[in-house]
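Participant: Chains B and V, in that order, are what the protein sequence lines are. Taking the working numbering, I'd label the letters of the first sequence as residues 1 to 304. Taking the working numbering, I'd label the letters of the second sequence as residues 1001 to 1272.
Don't read these hints as lab results, they were simulated from the structure. Some clues are possibly wrong.
Covered stretches of chain V, going by a simulated chain B footprint (3 or more residues, C-beta under 8 angstroms) [as the list claims (entries may be wrong)]:
{"no.": "1", "stretch": "1024-1030"}
{"no.": "2", "stretch": "1108-1115"}
{"no.": "3", "stretch": "1148-1158"}
Below, in silico cross-link-like pairs of lysine to any residue (SDA-like), each with a Cα-Cα straight-line distance of 25 angstroms or less [what the hints assert, rightly or not]:
{"no.": "4", "chain 1": "B", "residue 1": "91", "chain 2": "V", "residue 2": "1211"}
{"no.": "5", "chain 1": "B", "residue 1": "228", "chain 2": "B", "residue 2": "195"}
{"no.": "6", "chain 1": "B", "residue 1": "228", "chain 2": "V", "residue 2": "1109"}
{"no.": "7", "chain 1": "B", "residue 1": "228", "chain 2": "V", "residue 2": "1014"}
{"no.": "8", "chain 1": "B", "residue 1": "91", "chain 2": "V", "residue 2": "1020"}
{"no.": "9", "chain 1": "B", "residue 1": "228", "chain 2": "V", "residue 2": "1164"}
Backbone N, C-alpha and C fix where the C-beta goes; we use that ideal spot for every residue, glycine too.
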Amino acid sequence: MAIAVEQPAVAPARTTRARLASVPGRLVAYLQAAPLALILGFFLLAPIVMIVVVSFWDYDFARLYPDFILTNYVDTLGSWVTWRTYLNTLKYAVIVWALTLFIGFWVAYFLAFHVRSTTMQTVLFLVCTVPFLTSNIIRMISWIPVLGRNGLVNAALLKTGVVSAPVEWLLYSDFAVVLAMVHLYTLFMVTPIFNTLMRIDRSLIEAARDAGANAWQVLWNVVLPLAKPGMAIGTIFVVTLVMADFITVQVMSGGQSASVALMMRNQMSLLQYPAAAANAVVLLVLVLLMVAGILRVVDIRKEL
Amino acid sequence: MRRERRPASFWILAAFFALFVLFLYGPLSAIMILSFQGPDGGLTFPLNGVSLHWFRNLTEQQAVGDFGGSFRRSFTLGLMVMAATVVVSLLAGLAFRRRFVGATPLFYLTVASLVVPSIIISLGIGVMFQQIGIRPSWYGSAFGAHLTWTLPFGVLIMFAVFNRFSPSYEEAARDLGASPWQTFRHVLLPMIAPMLVGVGLFGFTLSYDEFARSLMTAGTYNTLPLEIYAMTTNVTTPVLYALGTVTTLFSFLVISLTLAVIVWLGRRRARA
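Please model the complete structure; the sequences and the hints are all you need to start from.
Facilitator: Laid out in structure tokens, this is it:
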């Protein structure tokens, strides 16, 4: 990385900031930023460049052959399985996004506006956060005794006489995939929305009330517009996580549904790296376009 | 505080929140209870007796694979990622307080690190190491792969911290004759210490639970999530739940310890 050694062209002006250090301030900044730049350069940028390069390579069962062919892209984009898989992944993304946005907003709203003491707010927020810091795979597995054929839900349904035979589609189905994703990712929606709601000036709401707005009007015309940046950040998290997901789809659908990342994973286990790389490039472009679209709505730098 | 009557919307949302918490913790408690299943019990309720049979089973290699070894590797890796995340994020946070050429691209690269699908990072690092001819290892390639996930969180948290941090404290220290190092060590660091502990918690737990980024980067020896994943496909006894209970309790322990440290730091500052 060049910026690590790059010297400032002119000596920095003796501003307050520059006097902070005995070494010229600018150089200090470069040294401080260097570790981050180096790590992301080597473990993020270089691998992505590698993927783009490899996506044009040829391969057989044993090794990769450096080349410039478009076969991998033609194979990927020319197959209707790919298109169906992309559609299926987008379907998950839309459903999970809508559900997490709804749940996340109301949970954050409750925490921000209805819980009065700061201590209680912190405690309840932590209660929501803790599961996020535990293993995703374990949290997925934990649905088995609940949703399975002999699971808790089916047992309850049978006992109350709602159904006469166990419901089969609770586990290993699209329903299970969406449920598990909502379970895993809602927190990514709660946190940013909670953050923006906490920063809404309470006097705005009082002013709206004084001007005669009812509760719904306050919510619709004051709170929701101001919560949009938080919703946008949450949306970025949830959409990118769902688009990248393969393990939830694999475990919770019991291998019956597909996602783009799962398709890549299967190609990787067959050592078809160039094919997986072509898929990766398409997926990456799609995800970055989605994020860019959301970023047009909100400047996240202002939100930090 | 003025006590007014709670509106109906409060009770509806409180019920919604309670359901959400039940949704979060319900399934987790189910497997915790089922991990105490008797030796003849299965993967679902009812409990067929109560025993520690499946926890004992956990220590036997042939039943679950290398649980002890994978736990040690994940734990060590978590600590490495934690240390690197705290140091690198703090330095980057300090750098972003000044203006430097490349600050904006670096910021966007950090955000990109958050949105690039994890499996692409796994594939990219895996193929890159293969082509360079370096053997992937949990302490090398997987370490780097995990950092691409923990660093953006750390840097963005530090970014937020310094955005709200008034430089007047440092200016005051400087006016009193403190050297830059003294200002950093005795003024800045104590003030942001709780946030740094939080960043450390993120670094550790995100790495400890990471699966997708370890997939092609961990090399010969499995980390714990990889081991657990392998178990989900071939283990059909409650030993799976026992493993889940143990790792979840371990996560709870780590979180509680971290919170205790944060509270302790806060009290110490309040006293000083």
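Participant: Would you mind marking each hint as holding or not holding in the structure?
Facilitator: Hint check results:
{"no.": "1", "hint": "1024-1030", "verdict": "holds (count 6)"}
{"no.": "2", "hint": "1108-1115", "verdict": "holds (count 7)"}
{"no.": "3", "hint": "1148-1158", "verdict": "holds (count 4)"}
{"no.": "4", "hint": "B/91 with V/1211", "verdict": "24 angstroms, holds"}
{"no.": "5", "hint": "B/228 with B/195", "verdict": "11 angstroms, holds"}
{"no.": "6", "hint": "B/228 with V/1109", "verdict": "24 angstroms, holds"}
{"no.": "7", "hint": "B/228 with V/1014", "verdict": "23 angstroms, holds"}
{"no.": "8", "hint": "B/91 with V/1020", "verdict": "23 angstroms, holds"}
{"no.": "9", "hint": "B/228 with V/1164", "verdict": "21 angstroms, holds"}
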